[in-house]
Amino acid sequence: MGIMKRALLAAALVALVVAVSCYDDEGERWEGGGEGGTGRREGADWFLLQDSKHVVRTDAGEMRVVSGFGGRFIKSPMHIGFITMEPRSLFIPQYLDSSLILFVRRGEGRVGHIYKDELVERRLKMGDIYRIEAGSAFYLMNTGEGQRLHLVCSIDTSQSLGFQTFQSFYIAGGTYPSSVLAGFDHLTLATAFNVTEAELGEMLTRQMNGPIVYLSDPSSPSAWSKFLDMEQDQKLAHMRRIVRIKEEDLEADEEQPTWSFRKLLISIFKKKEGKGGTTGKGPDAYNLFDRKPDFQNNYGWSTALDESDYSPLKHDDIGIYLVNLTAGSMMAPHINPRAIEYGIVLRGAGTIQIVYPNGSLAMNAKVAEGDVFWIPRYFPFCQIASRTGPFEFFGFTTSARNNRPQFLVGANSLLHTMRGPEIAAAFGLSEDRLNEIINAQRESTILPSATVAPPGLAGQVKLAREEVGKVMSSFGNEMVMGFD
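Okay, so the sequence shown: first residue is 2 according to the working numbering, each after it adds one.
Don't read these hints as lab results, they were simulated from the structure. Since the model is a prediction, treat every value here as computed from it, not as a measurement. Wrong hints could be hidden among the right ones.
Derived DSS-like pairs (lysine-lysine); straight-line CA-CA distance at most 27 Å [to be verified]:
hint : residue 1 : residue 2
1    : K315      : K293
2    : K282      : K117
3    : K126      : K282
4    : K293      : K126
5    : K54       : K293
6    : K315      : K76
7    : K54       : K76
8    : K117      : K367
9    : K315      : K367
10   : K126      : K367
With the hints as extra help, turn the sequences into a complete structure.
Here you go:
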């Protein structure tokens, strides 16, 4: 037993050293700033995600990934991806080691992927949410003629192979990108396809335009364009002509692993297109813009999506939210008791404030369109719109359940719910005085700026701020644990 205890203690110490090393490593990376940068700004870099890189870039489009928080030894639960596709372009068939939840920011497109061994194809429009499972072969198309397709996506890391953002496995490809099939011995692969090595070489070497390609070229239509314009039965006949699939082979495939390449082809090309440009039985997209806001007043609105609204979210345990604040308004200070929150600024500009458990300011950062931030679970925070215009942000949470945010200020705050002699004594105030302070704000959830507060309240608000400041300073850090 003594040896076992010493072994367990040693393991615990190793884990502690690893955690501290990770923290130090990340601290250095965050504080260093970018090339020519000025270093950390009031802790802003701790919660603004700025590690961004292009994983795909071609003439037809690009994909950029913003890495979540984490380091050498701690893997972030999520990364954020941005996909831009030119009109009439295709993100070629592939599968990933991570699940994606797509949000269509602008444009229209089509997604096709394997769901329960069948091809499911769905048209996507602005505001749509759609999930693609890790290991599920898929492709994306911008079907519009004159508009780019802009997608934002969460990249779930729970099933990923390593500590990179994610790993693509291209099913189709050529010299760039290479198909995963190209790694097999050519004689073995030719035998598996029942074609000659010359035919196989033709299949695996012609594509050289990258992972995102144009579907059509007026002077020379691409093979992808010609293929995708075919009817379903023509596609199947064409693929049979290439790989010479026999009916008995199809039956034998039923005993092969789910993700065999031949089974993928069969699943794709045996399905008939349904109404509205859809094929296969599977989940539909959910449009966030069609949903009635969960909360709305004169100063903005907010909506949240969980597994009870869109069941595919439960597989990755991810929630979704969208907030729109009018100029100068504020999402009241609150906490997320169940989840980490990731936010992406879609429109406008504003400020994000985050507070440490000991009551000190963790971040007070200005953000603008395209910025990505994260909020740790339990940390108090608020979002404030710039006075120059509306502030719209969208994001993901690490829980598919109803997050039930707890508001610290406003008519629906915890202070109202807990009002009584106990909370008054904790602030060192009489109940009457505390009620005067917390009743000064009549709005809830989304609050107006001081310049548009109801008449007669400006003086009360000023007094309340002064009183609260005195109360808070009287406590100091003496009764707070952590982050000293």
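Structure-based check of all given hints:
1. K315 - K293: The given pair, whose Cα atoms are some 21 Å apart, holds under the 27 Å limit.
2. K282 - K117: 9 Å, holds
3. K126 - K282: Holds: K126 and K282 sit about 19 Å apart, inside 27 Å.
4. K293 - K126: 17 Å, holds
5. K54 - K293: 35 Å, violated
6. K315 - K76: Distance of about 21 Å is within 27 Å: holds.
7. K54 - K76: 17 Å, holds
8. K117 - K367: 45 Å, violated
9. K315 - K367: 33 Å, violated
10. K126 - K367: Outside the cut-off at roughly 31 Å; violated.
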